[in-house]
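Residue 1274 in the working numbering is what sits at position 178 of the sequence shown, and the numbering runs on without skipping anything.
It should be emphasised that the hints constitute simulated quantities derived from the structure, not laboratory data.
Just to be clear, a hint being listed does not mean it is correct.
The calculated DSBU-like cross-link candidates involving lysine-lysine, where the alpha carbons are at most 35 angstroms apart (straight line), are [what the hints assert, rightly or not]:
1) Lys1192 - Lys1392
2) Lys1147 - Lys1392
3) Lys1192 - Lys1207
4) Lys1392 - Lys1103
5) Lys1103 - Lys1215
6) Lys1207 - Lys1102
7) Lys1292 - Lys1264
8) Lys1215 - Lys1150
9) Lys1147 - Lys1215
10) Lys1207 - Lys1392
11) Lys1147 - Lys1192
12) Lys1103 - Lys1150
13) Lys1207 - Lys1147
14) Lys1150 - Lys1192
15) Lys1215 - Lys1192
16) Lys1192 - Lys1102
17) Lys1207 - Lys1150
18) Lys1150 - Lys1102
19) Lys1288 - Lys1264
20) Lys1192 - Lys1103
21) Lys1392 - Lys1102
22) Lys1103 - Lys1207
23) Lys1147 - Lys1103
24) Lys1150 - Lys1392
Label-pair restraints from in silico Cβ distances [claimed, not checked]:
25) His1417 - Ala1141: 31 to 39 angstroms
26) Glu1403 - Pro1374: 19 to 27 angstroms
27) Gly1129 - Asp1244: 39 to 47 angstroms
Backbone N, C-alpha and C fix where the C-beta goes; we use that ideal spot for every residue, glycine too.
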Amino acid sequence: MSDPKKKPQILFVDDEPDFLQVVIETFSSLSNGDWDLHQATSADAAMELLKHHKIDLAVVDINMPLLDGVQFLRILGRRHPSLKKVTLTAFATEEKRTECLANGAELFIEKPRTAAGFKSIYVMLEELVTWSPQAGFQGMLRQVGLNDVIQMECLGRNSSILEIHNQKMSGRIFIEEGTIIHAILGAETGEKAFQKLLSITGGEFNLLRFESPGVRSMQGPWEFLLMEASRVRDELALQPEPAVAPAAPVRPSVIIVETLICTAQGDPVFLWQCPDAPGRIVLLQNIAQQTALLSKTLPLGNFERLEILQPDHRTVAVFSHDHMVFVRSASAFPPA
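All chains, please: the whole structure from these sequences, using the hints.
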């Protein structure tokens, strides 16, 4: 049993006293007394309780007289911004779901009708009320790709030197405040060196303290540099090793069709050939919102990247704590 001093404080708000009684008895039993449960039959009674108790989670009915659940969510969001909120209703509609989630509800749940339904809701609420964001990383990495390391350094706006080596080659990639500025491999520098280093299929790497290389051989967003390096690596992997020299293959080139960079709040920072910028921003915000809700329910970690592959297009969306990036590219074959 958990420490009584740290019992989750959960408030249920519903205008049906009989339903509240069933809820209190059921969840008290399911939690083995580990939850400290409170109840209120109206919004004003709930606000009075919030003055005297440090509530962790409020479970609010939608259809209440005088002040409905959606209006109450807005009030709770303004007066108690750190309070976790869940809506519970017997009349679930997609419109109500959208409205509740847009007004700060973590979950939108239909009222249970069976013992199994109560148990399922208990599991969801237990996960939500005990979840809290963790600083740093947890878990163990079995295999790490160089792309993953570079993405983490760039998203964190770190400054470092990524030293890469195997039995055949050794090189360095310089990252300054989240920007890839230089790469060196033997006598080669810049993007060619960067692409060859990322084509290494096995070896070791070290993250070293940043020291200025004295030259900037690379420029442009790190997302584009990684995409181009991935394309080159994929092409090299697909090339056969014939006994005789083959004719030069016709290779597709990648053309960036549109680019959008915006803040997490949806304010555009950079646009290039993006005819529907508002639509792209709404798409990015919807993805970020849905993945944020999912990460609060399931311990999957932070969501940072979405990649969509189509026969003739490749779309990449990248998310950080303060920016979102949308890039769409297409393959173009040179004329015969």
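Q.
Tell me the hint numbers this structure goes against, listed in increasing order.
A. Violated hints: none; all satisfied.
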